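Colleague: Please arrange chain B on chain A, whose structure you already have, making use of the hints.
One line per chain: the protein sequences are A and B, in this order.
Per our numbering, the first sequence starts with residue 1, numbered consecutively.
Per our numbering, the second sequence starts with residue 1001, numbered consecutively.
Treat the hints with care, since some could be wrong.
Claimed, not checked - Pairwise CB distance ranges, derived in the manner of DEER restraints:
no.	chain 1	residue 1	chain 2	residue 2	range
1	B	K1039	A	L180	41 to 51 Å
2	A	P266	B	A1112	17 to 27 Å
3	A	D95	B	K1088	41 to 51 Å
4	B	P1086	A	P266	32 to 42 Å
5	A	A134	B	P1086	13 to 23 Å
6	B	V1101	A	D131	28 to 38 Å
7	A	T73	B	V1101	35 to 45 Å
8	A	D95	B	G1087	16 to 26 Å
9	A	E109	B	E1035	24 to 34 Å
10	A	A177	B	G1125	50 to 60 Å
11	B	V1037	A	G106	44 to 54 Å
12	B	K1039	A	G106	34 to 44 Å
13	A	E78	B	K1088	54 to 64 Å
Stated by the list, open to error - DSBU-like mimics (lysine-lysine), calculated; alpha carbons at most 30 Å apart, straight line:
no.	chain 1	residue 1	chain 2	residue 2
14	A	K261	B	K1098
15	B	K1039	A	K261
16	A	K115	A	K150
17	A	K69	A	K98
18	B	K1055	A	K261
19	A	K68	A	K137
20	B	K1056	A	K261
To be clear, the hints were calculated from the coordinates, so they are not data collected in a lab.
No experiment lies behind these values; they were computed from the predicted model shown.
Even glycine gets a Cβ: it sits at the ideal position worked out from N, Cα and C.
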Amino acid sequence: MINRRDFMRLAAVGGGAVFVSGLGRSALAADSTGSVAPGYDEFFFVQLSDMHWGYAGPANPDAANTLKKAVVTVNALEHQPDFIIFTGDLTHTTDDPKERRTRLAGFREIVSELKVKNVRFIPGEHDASLDNGAAFKEFFGPTHYSFDHKGVHFVVVDNVSDPGASIGDAQLDWLKADLLKQANDAPIVVFTHRPLFDLAPKWDWATRDGAKAIALLMPYQNLTVFYGHIHQEHHHQTGHIAHHSAKSLIFPLPAPGSQDKRTPLPWDPAMPNNGLGFREVEAEVKEAQYKITEFPVTRG
Amino acid sequence: MRHASAIGMLLGAVAGIALGGTVMAESAKQHPDKEQVIKIVAQRFSYSPSEIVLKKGQPAVLEFTSLDFVHGFKIPDLNIRADLPPGKITRVRITPEKAGVYDFLCDNFCGAGHEDMNGRIIVRG
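Chain A on its own, in the form it takes in the complex (with noise of 0.2 Å):
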């Protein structure tokens, strides 16, 4: 049975995004056969993210074979998301722009495994920043996109392709127009690689024009951000808005602002896996609500 830790879900209900950690898939179920009960389901998509993929180092000895481990525990969850998102850094940065493209290729063919099809990617600054997405671009199509699944928004924003980690005001007039489409109680994710706010500026772990993003989105009431870049698993709340980073697939790295420099965990050989992770976010979609207004017989 596959640990489900990281299981989220995001309810769309009552006014606003519903988060709830921690919860295995029994949590949720109604009966004790294991079957989740219907409504909760309405559909899941998983979010893997900072894969590095081309990584040498003592933070990772087994870096060659993470994210093909990865790649099996979610072909073997028992039950398989509409979608899967890698949110950045799928390959680990280089100055060599064939070998970048050697380790995007190898990075997709390790991914073409997966059991589903419908596979989206978003680029980090180790993937796009040295060439401002080009490569990345060849691969796996545009930075920045945005799609509709079973009534959720979803709205990809690239903050990577400039080295100065900055969404730019074009992206920026693309976002406005993109949301303006959107109800304001509509449910809506957005997927980016760095943290939108300032997380941990003193490590780089910030959006330069980020809040201009943030603006943008508050006058939507049922959005929420999954983002990747901090190698570690943190939520964090800009008024109504939560933001929620992943766990890499490469190695961890320390709290925010915790130490000095930002350097990876140490490897720990009896726990080679350890703060590793990916996760899956369950979507349930607000149901048909009535208003009902009662009358009596006669009126006045």
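Modeller: For chain B alone, kept in the frame of chain A given last:
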């Protein structure tokens, strides 16, 4: 975002910020009545020097030469940042008004050692 994009950044020119403090770099010439000029070389993946000592209230100019990339220079706690394009000198004027230790970093992703490209300014009272 309250990043310093509008503050303290001029390419190839002098940017001025009043911060309250004194700046003294080990490699800097001392001009008690004038601005200190502190020359800093930026290249993948370090600043040299990476530790700069300033004196509270004494104006200083950080004079950057980048050798290989448009590195960034950012002091988050002081809301200062600049791009450091190679081929020109980028000057950041600073008058620290408060003693303390201020981390700085490259905030333009520059490659595999980017995460290690940082330093600190020590402002003494």
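Colleague: Tell me, in ascending order, the numbers of any earlier hints that this structure violates.
Modeller: 3, 9
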